[in-house]
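Residue numbers (full-length UniProt numbering), protein chains in the order written: chain A, 1 to 618; chain B, 1 to 618.
These are computed hints drawn from the structure, not numbers from a lab.
Warning: the hint list may mix true and false statements.
Since the list can't tell identical chains apart, any single copy or any two copies may satisfy a pair.
[Claimed, not checked] Distance condition first, Cα-Cα at most 27 angstroms in a straight line; then the derived DSS-like pairs of lysine-lysine:
| # | residue 1 | residue 2 |
| --- | --- | --- |
| 1 | K565 | K126 |
| 2 | K507 | K565 |
| 3 | K565 | K63 |
| 4 | K52 | K2 |
| 5 | K63 | K2 |
| 6 | K54 | K516 |
| 7 | K143 | K97 |
| 8 | K63 | K516 |
| 9 | K54 | K2 |
| 10 | K582 | K531 |
| 11 | K582 | K126 |
| 12 | K52 | K63 |
| 13 | K503 | K228 |
| 14 | K123 | K2 |
| 15 | K52 | K516 |
| 16 | K123 | K565 |
| 17 | K126 | K2 |
There are 2 protein chains.
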Amino acid sequence: MKQSNMLIPTLREMPSDAQVISHALMVRAGYVRQVSAGIYAYLPLANRTMQKFKAIMREEFAKIGAVEMEAPALLTADLWRESGRYDTYGADLYRLKNRDQSDFILGPTHEETLTMLVRDSVKSYKQLPLNLYQIQAKYRDEKRPRNGLLRTREFIMKDGYSFHQDYESLDVTYEDYRKAYEAIFTRAGLDFKAIIGDGGAMGGKDSQEFMAITPDRTDLDHWLVLDKSIASLEDIPAEVLENIKQELAAWMVSGEDTVAYSSESAYAANLEMATSAYQQKTKVVSQEPLEKVATPDCQTIDDVKSFLGVPEEQTIKTLLFMADGQPVVALLVGNDQVNDVKLKNYLAADFLEPASPEQALEVFGANFGSLGPVGLAEDIRIIADRKVQDCHNAVVGANQDGYHLTGANAGRDFTAEYVDIREVREGEPSPDGKGVLKFARGIEIGHIFKLGTRYSASMGANILDENGRSQPIIMGCYGIGVSRILSAVIEQHARLFVSKTPKGDYKYAWGINFPKELAPYDVHLITVNVKDDQAQALTQTIEDQLQGAGYDVLTDDRNERVGSKFSDSDLIGLPIRVTVGKKASEGIVEVKIKTTGDSIEVHQDNLLETLEILTKEN
Amino acid sequence: MKQSNMLIPTLREMPSDAQVISHALMVRAGYVRQVSAGIYAYLPLANRTMQKFKAIMREEFAKIGAVEMEAPALLTADLWRESGRYDTYGADLYRLKNRDQSDFILGPTHEETLTMLVRDSVKSYKQLPLNLYQIQAKYRDEKRPRNGLLRTREFIMKDGYSFHQDYESLDVTYEDYRKAYEAIFTRAGLDFKAIIGDGGAMGGKDSQEFMAITPDRTDLDHWLVLDKSIASLEDIPAEVLENIKQELAAWMVSGEDTVAYSSESAYAANLEMATSAYQQKTKVVSQEPLEKVATPDCQTIDDVKSFLGVPEEQTIKTLLFMADGQPVVALLVGNDQVNDVKLKNYLAADFLEPASPEQALEVFGANFGSLGPVGLAEDIRIIADRKVQDCHNAVVGANQDGYHLTGANAGRDFTAEYVDIREVREGEPSPDGKGVLKFARGIEIGHIFKLGTRYSASMGANILDENGRSQPIIMGCYGIGVSRILSAVIEQHARLFVSKTPKGDYKYAWGINFPKELAPYDVHLITVNVKDDQAQALTQTIEDQLQGAGYDVLTDDRNERVGSKFSDSDLIGLPIRVTVGKKASEGIVEVKIKTTGDSIEVHQDNLLETLEILTKEN
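Just chain A, with the same shape it has in the complex (with noise of 0.2 angstroms):
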């Protein structure tokens, strides 16, 4: 492909609205334009690599026996009001009206189209397993849309739903989906983790999110691509290297999820879902009596602690939620956080949110800051994170302004349901009592389900098994951010490339190293000057020989100076560059491999095998 005929609108500058460092790149290397808040527009290069990963899925979903369709994305809400979706999703939806006036959404997912679809055709267990996907744009209309392709009001997603009798099939499903998911991450060159991940808002039981972890900002190995000038990092002139740290630490660690893994096993988990390994200490202490003392502008734990000179891990915070409506208080030890999503899945709660000053103060007759468990009504649930279990004697706030109780001690003062509800921290122990946890930041690229019958119970999908008993068909879902996947490429693959003028003086700038499988082009062909007529030659004969060899190539033909035709191709990162220069007349030509940064000089004859051995190499 000539680079004359492509739109490649790439910038001089960072564009001054994004914060990471993928949003960045695809938007100054070209790749996608934003169209309003959250919709974009992808390029000609965007496009590629998105061809190029819909085939990678392509290809290992066909090994699974999944089968590609594809439903509406505009869909009448009648389907989601028999799922009860249309009043629960709220205002991500976008909802809109036909000319009749019915009502219609446009689709974030599909369970219900697919659920309906399967329910009018399928009767019998004899129809079933069935494995259906789609690659689709969906839409949700994010409150606050970002960072690129991360957080997007329009995407592209791959979105796959089975249907089984039993849910021993929907295990062995639920297994392909799992490796087939972690083949495809692998061949697009992604690192990534699969982790337990929080299936409760789609009403799952069981589920497993791919998360492409975030590079770590100070790694300079990891960032760093130093020209052939520069022998290693040690070269790098001290305060050049601190404005390359600042550099990097300037841009925001993308990923809005935390993964939580161990340092020694295979455990790995959303922070949302994370667990510590924890064992109820075996303590004979004995109770105080409870006593009410004044603690007054104390509003935090620290606060108390400080003014009544206890340790932390004998005080006890109070917090109210409100769950489907319901009051719930949740105890946690000292500064320790709650983790909403362990508390909302305890609760099997549909919602879950703080409460308000209004409802605290109906709720225990006191202000935020001195709330505690001590002489509630009786009908307010009182969840504690099994850590308040080892806190004795403790601190609680009074529920009178001002005032704390010491001593309290649960059991005699107050009961709770004992579950785990506190955040993890990094560095304790690893749930499966391997290692300590570690924390990495994460961007979410996949996530399978196990749906069970959320969607066929409600929307009447049955079949006849061998007796000719009705049941509901047990269903999985299984999706990857098509569009996302092309941040994650990038934030993973983008480097600052550190060079050193003939005068001694340091250089850098972003460009990206794009992965051979996802690269919009495997060669970037580039012509020194087009006004030479043996360079255009040697350029022809060169792209004839890559093509016919299976190389895509993209040939910049374009009339510009050889500066900026060589930034622009530090900023798309194909894996080989071969410049046609000077020794152009003799038929000789540069090929550069991008991600070792080796570069040599060849003879067009034996251009082929020098790219077959240097790419093997990698």
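Knowing the structure of chain A, use the given hints to seat chain B on it.
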């Protein structure tokens, strides 16, 4: 692919709501399902046909340097306000608001989006020409969606847009597209005509439509596929043939357009644009005086003609239109029909509609049935068809209810602009003088336009030319109805399979003979008895053999009655059927080539070469 893994919900009966055969068959054969009025899910078979069609398009577009991208479907109304179409597009435009109450639309086409993207990136003539396309869901809130995929509210479209410095460059790309479209539709196995189209609605100057021709309902050679047991049509008893003819006639002729084409030349045009040869007659006639005559109860030309005893060619019909709100009178000879599109294009009007009785009364002082061109206010434009020039001493309405004028002559009694505004009729001479016009019904599958500066001028998409002067970009646009292709191909390849039972009874059943290039699979491999281990093993061997040789194979591994497997197979319509039946133990299978009806028994070792020979003969 194992058929047990596929969702192919075939039906025993034709769906009762289908009026055209393609709609009926695509539902009955399990290709599609309607989700809501005019909104369809493409089930796995339809998805595969569309994927194959997309692959053909991508190959042909790569040859002309067209580059694929993907714009969003959810568009900010601001873009459409820039072009002015937000206010003028009418009720077909889906409009919605996002959570901030900003106006959005669902894109029915993407002129604005692409114009904006190119405007914001391209500043110099050196960056042109550009030729971009996408394949994507489009939205039109059709008043009356109907006929399966022929008129839907969500549909898949390939839309391309080209950008040029001058019209010469546009002409080159337009011609490239014309050839690419011909190559695509030819490869897709479609019977089509490239015709002169109306580009008025798109603001275009030059346009060509590609119409898939609907087969004539009376052409038995086209529709019937006779079983080996029936030598020719003559063998079929008259009463059976009569039933077959009625079955064919019962299906509505699909295609909303009429194509007028020359019996002897390449001339072909949409009826909306078709002209016939016309030369003004040179005839000296003495002008009679105007005379008002009572014509009680005469409302139509036929009434007047028989009441007054004058030939039809001596009567003039007077019509009133409102063109962009202004009254315009149209005159035609006798019962000639006005062609709104020709009239609208001549007037360069944005909107043209027939006037109401009230508007007619205001302009003529009379009601419909007595309107005439004599004595109208001077500022009323009168557009007469060219043939009115040959109408002397004519009868026209007297502008007084119940009266006509005789002896009316243009020039003396009224003044008109003479233009071709009549609808041509079958049998009239072709405008190029070669042959006569014939009519056929067609389905619009493609359309190419020269847009000019319609969008670039209103949206400020300018470039600097060689001399640094700013000029609007010249544009072309190019559409293909991808989902509609599925309707067109089934419309043309639906067949009635006629067979004779051993008892001598004649039966006929609908099915599809998919052309090779668009068939979802190449081969339907059917195991008659899946409980026979030898048959099962042979089936697997043959599936592997065929797939290894590059055939796409659908293997019917279902435990169903053989009759139901064969009738499903006839409906689905794959080009080749391989049946593993009674002779499985000998390694012998039956091969049937659907288009020729050839059926042959062959040993598994000779299967591949037999298929090669049999399909080469096609």
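Status of each hint after checking the structure:
1. K565 to K126: between (60 angstroms within a copy, 15 angstroms between copies)
2. K507 to K565: Answer is within; shortest intra-copy Cα gap is 17 angstroms, inter-copy 70 angstroms.
3. K565 to K63: Result: close only across copies, 25 angstroms inter versus 42 angstroms intra.
4. K52 to K2: both (19 angstroms within a copy, 26 angstroms between copies)
5. K63 to K2: between (35 angstroms within a copy, 12 angstroms between copies)
6. K54 to K516: both (15 angstroms within a copy, 25 angstroms between copies)
7. K143 to K97: both (21 angstroms within a copy, 13 angstroms between copies)
8. K63 to K516: both (22 angstroms within a copy, 25 angstroms between copies)
9. K54 to K2: The answer is both: 24 angstroms in one copy and 22 angstroms across copies each meet 27 angstroms.
10. K582 to K531: Result: close within a single copy only, 12 angstroms intra versus 71 angstroms inter.
11. K582 to K126: between (69 angstroms within a copy, 25 angstroms between copies)
12. K52 to K63: Both. Shortest intra-copy (17 angstroms) and inter-copy (20 angstroms) distances satisfy the 27 angstroms Cα cut-off.
13. K503 to K228: So K503 and K228 pass the 27 angstroms test inside one copy only (15 angstroms; across, 87 angstroms).
14. K123 to K2: between (54 angstroms within a copy, 19 angstroms between copies)
15. K52 to K516: both (10 angstroms within a copy, 26 angstroms between copies)
16. K123 to K565: The answer is between: 18 angstroms across copies meets 27 angstroms, while 61 angstroms in one copy does not.
17. K126 to K2: Answer is between: at 14 angstroms across copies they meet the 27 angstroms cutoff, but 53 angstroms inside does not.
When each numbered hint is compared with the structure, no violation occurs for any of them.
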